[in-house]
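*Asks:* Sequence:
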Amino acid sequence: MLLVEFSTEVKQLDDWSQRVGVALSVESLGAPYARAHRHLQAMKQALIRQHGFRELPPSDNRVLFTVECLPPHRSSSGLPRSPTMKLELPIHASSFFSPERRVQWQMVFHSAMWPTLRHSVQPVGDMLHLIQCLMPGLLLVVQTEDGWRTARGLPPADWINMNQQMLVDILGQSHFRRLYRAASDPKLAFMTAPQR
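Residue numbers (numbering that gives the first Met the number 0): 0 to 195.
Fair warning: there could be bad hints in the mix.
Claimed, not checked - Simulated pairs of lysine-lysine, DSBU-like, Cα-Cα distance not exceeding 30 Å:
{"hint": "1", "residue 1": "K85", "residue 2": "K186"}
{"hint": "2", "residue 1": "K186", "residue 2": "K10"}
{"hint": "3", "residue 1": "K43", "residue 2": "K85"}
As the list claims (entries may be wrong) - Just the calculated beta-carbon pair ranges, DEER-fashion:
{"hint": "4", "residue 1": "Q40", "residue 2": "P193", "range": "39 to 45 Å"}
{"hint": "5", "residue 1": "M161", "residue 2": "H50", "range": "17 to 23 Å"}
{"hint": "6", "residue 1": "P193", "residue 2": "L69", "range": "25 to 31 Å"}
{"hint": "7", "residue 1": "R101", "residue 2": "D157", "range": "20 to 26 Å"}
{"hint": "8", "residue 1": "A45", "residue 2": "S97", "range": "15 to 21 Å"}
{"hint": "9", "residue 1": "L69", "residue 2": "S93", "range": "28 to 34 Å"}
{"hint": "10", "residue 1": "T191", "residue 2": "P57", "range": "17 to 23 Å"}
{"hint": "11", "residue 1": "R48", "residue 2": "W147", "range": "36 to 42 Å"}
{"hint": "12", "residue 1": "V102", "residue 2": "Q172", "range": "35 to 41 Å"}
{"hint": "13", "residue 1": "P82", "residue 2": "R177", "range": "37 to 43 Å"}
{"hint": "14", "residue 1": "T149", "residue 2": "I47", "range": "31 to 37 Å"}
In case anyone wonders, no lab produced these hints; they're calculated from the structure.
Note that the structure is predicted; figures quoted are calculated from it, not measured.
Where is the CB? At the ideal position from N, CA and C, for every residue including glycine.
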């Protein structure tokens, strides 16, 4: 089974940031996320123009944007097999760590959209990978099989390389190099453990 897991557990985030070789702090998360806004907005526009998503009014003033799409899989009678897929991101990275908003972000990231569309709808995969670069460990792509749990906390090195200009703009050259090096090493990009 493959899923995307959202977690703000500090130990997990610290483990992933150490793998990349970056400090975990409010500044190390907030400033790059703010610089990523224009790229996230461009990805949102691609979802609307090229993939049939529609923009909704933000649920509150702390939300950067909200978009939704109908689920791609339908029953033989034409009914959707899952609820409407909703993608919402906050204006500030700190919102991901707010206890009163944890359920909101779990609903966004634990939805069927991420495992279903991350390969077939490029902007969805790009958003997932960009957030993994900005906050390693916040979003994990998790595969469970034969009693083992394998978590990928970083995007593929190929994706990082193809998006070098954007990532250097957001993170800086030295952070980009550390990120690319970690993503290129399976011992750093993946964590495997017995399934709990």
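*Asks:* Could you say whether the range 36 to 42 Å given as a hint is met by the Cβ separation of R48 and W147?
*Replies:* 40 Å, holds
*Asks:* Is the gap between the beta carbons of P82 and R177 within 37 to 43 Å?
*Replies:* Holds - the Cβ-Cβ distance for P82 and R177, about 39 Å, lies within 37 to 43 Å.
*Asks:* Verify the CB-CB distance for R101 and D157 against the hinted window 20 to 26 Å.
*Replies:* 32 Å, violated
*Asks:* In this structure, is the beta-carbon distance linking P193 and L69 contained in 25 to 31 Å?
*Replies:* 38 Å, violated
*Asks:* Sort out whether K85 lies within 30 Å of K43, counting only the CA atoms.
*Replies:* Holds, at roughly 12 Å.
*Asks:* Between M161 and H50, does the beta-carbon spacing fit 17 to 23 Å?
*Replies:* 19 Å Cβ-Cβ, so the 17 to 23 Å window holds.
*Asks:* Tell me if the straight-line CA distance from K85 to K186 falls inside 30 Å.
*Replies:* Judged against 30 Å, a Cα distance of about 33 Å means the pair is violated.
*Asks:* Does the Cβ pair V102, Q172 satisfy 35 to 41 Å?
*Replies:* Distance hint for V102, Q172 holds at roughly 38 Å.
*Asks:* For a C-alpha distance cap of 30 Å, please report whether K186 and K10 respect it.
*Replies:* Satisfied, since the Cα-Cα distance of roughly 18 Å is no more than 30 Å.
*Asks:* Please check whether T191 and P57 have a Cβ separation lying inside 17 to 23 Å.
*Replies:* 38 Å, violated
*Asks:* Does the Cβ-Cβ separation between L69 and S93 fall within 28 to 34 Å?
*Replies:* Holds: the Cβ-Cβ distance is about 32 Å, inside 28 to 34 Å.
*Asks:* Falls inside 15 to 21 Å, the C-beta gap from A45 to S97?
*Replies:* 28 Å, violated
In summary, the structure is inconsistent with hints 1, 6, 7, 8 and 10 from the numbered list given earlier, while agreeing with the others.
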